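Trainee: Given next are the chains, with one letter for each unit.
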Amino acid sequence: MGLESRLDTPWVATTIDSVVNWGRKYSLWPMPFGTACCAIEFMGVVSNRYDISRFGAELVRFSPRQADLLLVMGTITQKMAPVLQQIYDQMPNPKWVISMGACASSGGFYDNYSVVQGIDELIPVDVYVAGCPPRPENVLGAIVKIQEKVSREKTAAWR
Amino acid sequence: MEQAEISTRVQQQLGDHVVQAGEFQGQHWVVVEPPHLHEVLGTLKDDPDLDFNVLIDVGGVDYQGHEDDKDWRFEVVYQLLSVAHNHRFRVKCAVSSGMEAGEVAVPSVWQIWRTANWMEREVYDQYGIAFTGHPNLRRILNHDDFEGHPLRKDYPINKRQKLARPVDNLLTDDPEWA
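Chains as they are written, first to last, in my numbering: chain A, 1 to 159; chain B, 1 to 178.
Derived from the structure by calculation, the hints contain no laboratory data. Computed from a predicted model, the values in this text were never measured in an experiment. Treat the hints with caution; some may be incorrect.
[Claimed, not checked] Short, incomplete list of chain A residues facing chain B, as computed with Cβ under 8 Å: (1) Ser5; (2) Arg6; (3) Thr9; (4) Gln78; (5) Ala81; (6) Pro82; (7) Gln86; (8) Tyr110; (9) Glu121.
[Said to hold, decoys possible] Calculated cross-link-like contacts (lysine-lysine; reagent style DSBU-like; alpha-carbon spacing at most 30 Å): (10) B:Lys70 with B:Lys153; (11) B:Lys92 with B:Lys70; (12) A:Lys79 with B:Lys45; (13) B:Lys45 with B:Lys92; (14) B:Lys70 with B:Lys162; (15) A:Lys79 with B:Lys70; (16) B:Lys70 with B:Lys45; (17) A:Lys79 with B:Lys153; (18) B:Lys92 with B:Lys162.
Ideal Cβ positions, reconstructed from N, Cα and C, are used throughout, including at glycine.
Please build the complete structure, drawing on both the sequences and the hints.
Mentor: Following this line, the structure appears as structure tokens:
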């Protein structure tokens with residue numbers, strides 16, 4: 001056996017990164033930025049049938065300062081763009097972003113003068129979810145993708 | 001009062017100012033020109049038999065491409081309602097063609113109906129029709145750095161705007177809320 005067997009009290013040798021990332025990935029606090037029907041679909045993700053809490057991400061915060069996962073759900077208009085940027089800036093590091101649905105990811109069918117053609121013009125995006133609106137399973141899939149990404153983080157990189 | 005009666009009455013009282021009168025599906029309207037707009041709308045509001053105390057909406061229309069049947073390019077459309085008499089009427093203001101943004105002007109009816117304030121801002125924002133005498137004629141739907149007026153027919157459909165500047169304080173930035 002390894003180091004663990006040499007002491008009487010049980011203990012485990014690991015790295016800070018794996019412990020911190022393990023904690024982070026199962027306790028994501030989402031900040032829902034819902035501007036359209038995708039936000040309604042998100043309610044389905046949160047409630048009992050699909051139950052986002054199975055992935056530890058059920059503590060939805062309506063203050064960006066208490067959240068580390070920004071869920072952009074819906075059409076972002078030109079007028080809303082600075083608001084979304086400000087919300088993103090207000091979130092403490094480390095933070096991740098899911099762009100949910102066609103509108104947030106590409107403008108969707110709002111190919112017009114007033115809609116931002118994808119939120120990646122404004123803020124960095126970690127996972128895009130296709131669909132109009134996406135199924136709840138797709139959103140859960142995106143959260144699992146985020147968890148995979150979190151588990152690969154170097155904690156020092158966030159300083 | 002039936003809309004046909006209202007139309008007849010307006011034409012009798014203000015016949016000099018009515019450029020055109022029309023009807024579709026039982027709904028009547030009159031067309032006036034900007035210099036007479038205040039007088040016509042003021043009469044519609046103040047005449048006790050008409051008593052149009054509510055301005056339901058102000059809209060704009062761009063008739064570019066209709067040069068064969070229109071002598072003017074834009075119309076500003078006023079939808080009126082009298083709560084007391086439960087009747088409605090429509091007044092269109094013809095705005096001459098060949099004008100660039102800033103030159104197209106219609107007198108503001110803000111002093112007749114206070115609610116015209118934001119409605120006229122919307123028409124200004126989307127069609128570039130200026131309302132003279134308006135207390136706060138700024139864009140209302142599009143952001144302040146927006147270039148052009150997107151509901152004009154000659155606005156390029158693929159045109160992309162630069163992103164809006166960050167706003168320090170969304171409410172107190174606006175003199176109406178300060």
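Trainee: All hints, please: hold or fail.
Mentor: The hints, checked one at a time:
1. With its C-beta approaching chain B no nearer than about 58 Å, Ser5 (chain A) sits outside the 8 Å limit, and its interface hint is violated.
2. Hint status for Arg6 (chain A) relative to chain B: violated, with the closest Cβ pair at about 57 Å, above 8 Å.
3. Checking Thr9 (chain A) against chain B by beta carbon gives a least distance of about 54 Å; that is not within 8 Å, so the hint is violated.
4. Of the supplied interface hints, the one on Gln78 (chain A) holds, with its beta-carbon coming within about 6 Å of a beta-carbon of chain B, less than 8 Å.
5. Contact between Ala81 (chain A) and chain B, as hinted, is supported at the beta carbon level, the nearest pair being about 5 Å apart and thus within 8 Å.
6. At a threshold of 8 Å, the smallest CB-CB gap from Pro82 (chain A) to chain B is about 4 Å, leaving the interface hint in force.
7. A hinted interface residue such as Gln86 (chain A) counts as satisfied when its beta carbon comes closer than 8 Å to some beta carbon of chain B; here the least separation is about 6 Å, so the hint holds.
8. At about 12 Å, the closest approach between the beta carbon of Tyr110 (chain A) and any beta carbon in chain B exceeds 8 Å, and the interface hint on this residue is violated.
9. Nearest Cβ of chain B to the Cβ of Glu121 (chain A): about 7 Å, under the 8 Å cut. The hint holds.
10. Distance restraint check for Lys70 (chain B) and Lys153 (chain B): the Cα-Cα separation of roughly 15 Å lies within the 30 Å cut-off, and the hinted pair is therefore satisfied.
11. With a C-alpha separation of about 13 Å, the suggested pair Lys92 (chain B) and Lys70 (chain B) falls inside the 30 Å cut-off, and the hint holds.
12. Straight-line distance between C-alpha atoms of Lys79 (chain A) and Lys45 (chain B) comes to about 36 Å, which puts the hinted pair past the 30 Å bound.
13. Proximity of Lys45 (chain B) to Lys92 (chain B) is assessed by CA-CA distance (about 15 Å); at most 30 Å being required, the pair is judged to hold.
14. The hinted pair formed by Lys70 (chain B) and Lys162 (chain B) fails the criterion: a straight-line CA distance of about 35 Å is larger than 30 Å.
15. Only pairs whose Cα atoms come within 30 Å are accepted, and Lys79 (chain A) paired with Lys70 (chain B) is rejected, the gap being roughly 35 Å.
16. Taken as a hint, the Lys70 (chain B) and Lys45 (chain B) pair is honoured in the structure, with Cα atoms around 28 Å apart against an allowance of 30 Å.
17. Restraint check for Lys79 (chain A) and Lys153 (chain B): satisfied, since their Cα atoms lie roughly 22 Å apart, inside the 30 Å limit.
18. Proposed proximity of Lys92 (chain B) and Lys162 (chain B) is contradicted: the alpha carbons are some 34 Å apart, above 30 Å.
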